[in-house]
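*Asks:* If you want the building blocks of each chain, they are given just below.
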Amino acid sequence: MTSAQIEIQLIASLVAVACAIPGTFLVLRKMAMISDAISHSILPGIVVGFFITQDLNSPLLILLAALTGVLTVVLVEKIQQTKLVKEDTAIGLVFPALFSIGVIMIAKYANDVHLDIDAVLLGELAFTPFDRLFYNGTDLGPKSLWVIGTILLVTLALLFAFYKELKMSTFDAGLATSLGFSPAIIHYGLMSVASITTVGAFDAVGAILVVALMIAPAAAAYLLTTNLTKMIVLACFFGVFSAIAGYWFANYLDASIAGSIATMLGLVFLVVYLFAPSKGLIAVLYRERQQRIEVSLITFILHLKNHNETRERHVNHLNEHINWQKVRSKTVLNLAVKNNFVTIDNNIVSLTEKGNEFTTKAINYIVTNEDAQIEDMKKDFFLFRG
Amino acid sequence: MDILEYSRLVFSDYTLRTITLGTAVLGGVTGMLGSFAVLRKQSLLGDAISHAALPGIALAFLITGSKDTNVLLIGALLSGLIGTFWIRGITTKTHLKSDTALGLVLSVFFGFGMLLLTFIQKQPNANQAGLDKYLFGQAATLVESDVWLMSVVTGLCLLVLLLFWKEFKILLFDKDYAHTLGFNTKFIDVLITSFIVLAIVLGLQTVGVVLMSAMLLAPAAAARQWTNSLGVMVLLAAILGASAGVFGTAISSTQNNLSTGPVIVLVASVFVLFSFIFSPKRGLLFRQIRLIKNRNDLEFQKTLTFMYHIVEDHEDVFHPHAIKILNNFQGYSRKGLRQLISKNYVTVNGEMWNLTPEGVEAATNMYNQNLKDD
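Those sequence lines, one after another, are chains G and W.
The letter at position 89 of the first sequence is residue 89 when you use the numbering used here, and the numbering goes up by one with no holes.
The letter at position 350 of the second sequence is residue 350 when you use the numbering used here, and the numbering goes up by one with no holes.
In case anyone wonders, no lab produced these hints; they're calculated from the structure.
Be aware that one or more of the hints could be misleading.
Computed from the model, here is a short list of chain G residues facing chain W with C-beta under 10 Å [what the hints assert, rightly or not]:
hint, residue
1, MET33
2, VAL94
3, VAL233
4, ASP254
5, MET264
6, LEU267
7, LEU270
8, VAL271
9, PRO277
10, GLY280
Subject to a maximum C-alpha distance of 30 Å in a straight line, what follows is the list of computed DSS-like cross-link-like pairs (lysine-lysine) [said to hold, decoys possible]:
hint, chain 1, residue 1, chain 2, residue 2
11, W, LYS186, G, LYS86
12, W, LYS41, G, LYS83
13, G, LYS379, G, LYS330
Idealized CB from N, CA, C, for every residue including glycine.
The task is simple: from the sequences and hints, build the whole structure.
*Replies:* Here's what the structure looks like:
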């Protein structure tokens, strides 16, 4: 590894952590799309800032562009307050308009300078080590490293200082307000941090990757835990992992690093989405199937309890009467036998003592409208689940 | 080129005519379908789909090696549909909300698309140039066959819209009711979403991935302000979308260095702004005027009631009183008094006022109405 490679990975990891922290709160507050809007609408701010400072890494440009980001949020809220359109429409109207203004400004006035739209959308991580910061002739490292490092430090400081307030206002805005934390300050504070992070990161990784780095790690972490601290740590871990894995993947393909990191983030999310215990797709589908079979089982033994005559309790009759497919009735019957709820004698199904007790209790719960209790009762009776 | 030259050329020049027609048809079809997206609260779906279409374009090129628009658009369509259904999968099967799902699919698919595009650019195959026009769109690359394709899709779309009008409408406003009536809501849902994806994909070449969502939203959001009827809204959105296309093309071709996509989006945004302010029923301007008028009416009525309360204890209700005592009342103003006089509810003699019979009648009626409302 050359020192340039190490620096690129370091910058990518720092960006990942700096994005994951505000991203977690955006996802929890259901404002993920705001980050997309901000990342597009900072473009006019960047262009104006660039005309003034002629330097993509100047603090003034970052502040100006971040202001445009906050302006977007304010505009969206103002439009929404008129009640003329819904919030998502307001977002969808504001950012393309601002982005178009930015594109036109670049095309008209900045055609010959180093600022093109592809760079804004994608960034060029591979070039960051070449734009270095010098102080009295000594090399202090890449400029982007300093920019993103400062932003990350401020973000971390704010996170530690206002962790309790952020947590409270995210999960119970009403309680937070009644305890005296101003929701407006926290909201706009978070928006400002998100805007500044987006602007600071866009030069290195581009506007779209910022969105991916904010949302994907937080979304994946949200599927794995319900604890805020763990969620932030996990999100940072996913971000850094994808950043480094993405870098090497891009190195191998000789393609855009930003695109490759976004692809890695997508893969990480896909894996978590499929395999997360209890909240992943496979777990959810398995649970849905289990519940379907168990509901069928309860229907079935209630039917048995209602009928003493052998004609109604014949195995074949179940297919005709309850109208189940053959496979399904077989699964249900097997489950009932395995759990000692029923015995089958000469193809006649009858309830056992345990089955009878379960059914009586279940009927009681259903009659008194406490169906939810059945779920707890299952734990006591079931040896095997569906 | 100035405006006069443009208007002369638009009928004779092949390129200009094709572009103008193309953007107009595109604006029409996106406006039409955008109405449904806006009303279904899926405004940002367009944004996600258009970004999600990018890897499809790149993959279609990688697999077939052809740069034919139709092949690339089929790839875009497939990848847009995959993105849409993944969004749906995330929101229905996990506890993640739709905004997270949209942002995730949008950024990840777009990143993957850019990875593929940069990968293609590094290939020795010289045929790859020009794929990145799909990022911001280049209306100038439209040819007659593209316009024909758009027109065919628009016609198809119109046909389906007319055939399933009642189903779409009922699904839009009361999904559960549609379900209980026995409509296959899933099928209608998929049908309309697929058409929205199709319209977005069609526009990629003209306005590009990034700005496509505005083409879908802006005409519909503007049209929504002028009407409460779905049919009128769809028609109006189509007209607004088409005119945004025509005006945008006209403005961008009369100036140097102006790409068409952003200009069209800005024109559409101006339409939205105009509608927000000047629409007679919902617009901000008339809403404010109505508010002021209501406030004045209320003060007028309050002043009259206050006067009536003063005089009603007297034996003679027409007995004059000093104007000074009205100063205790907050809603009183000289203007209000003048209004009362002009309506002949009150007469003023020097420093004294007294109610006229009409004034007493109006005040008692008002009082009765208040009681009734309680």
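*Asks:* Which hints, by number, does the structure contradict?
*Replies:* Hints 3, 8 and 9 contradicted; others consistent.
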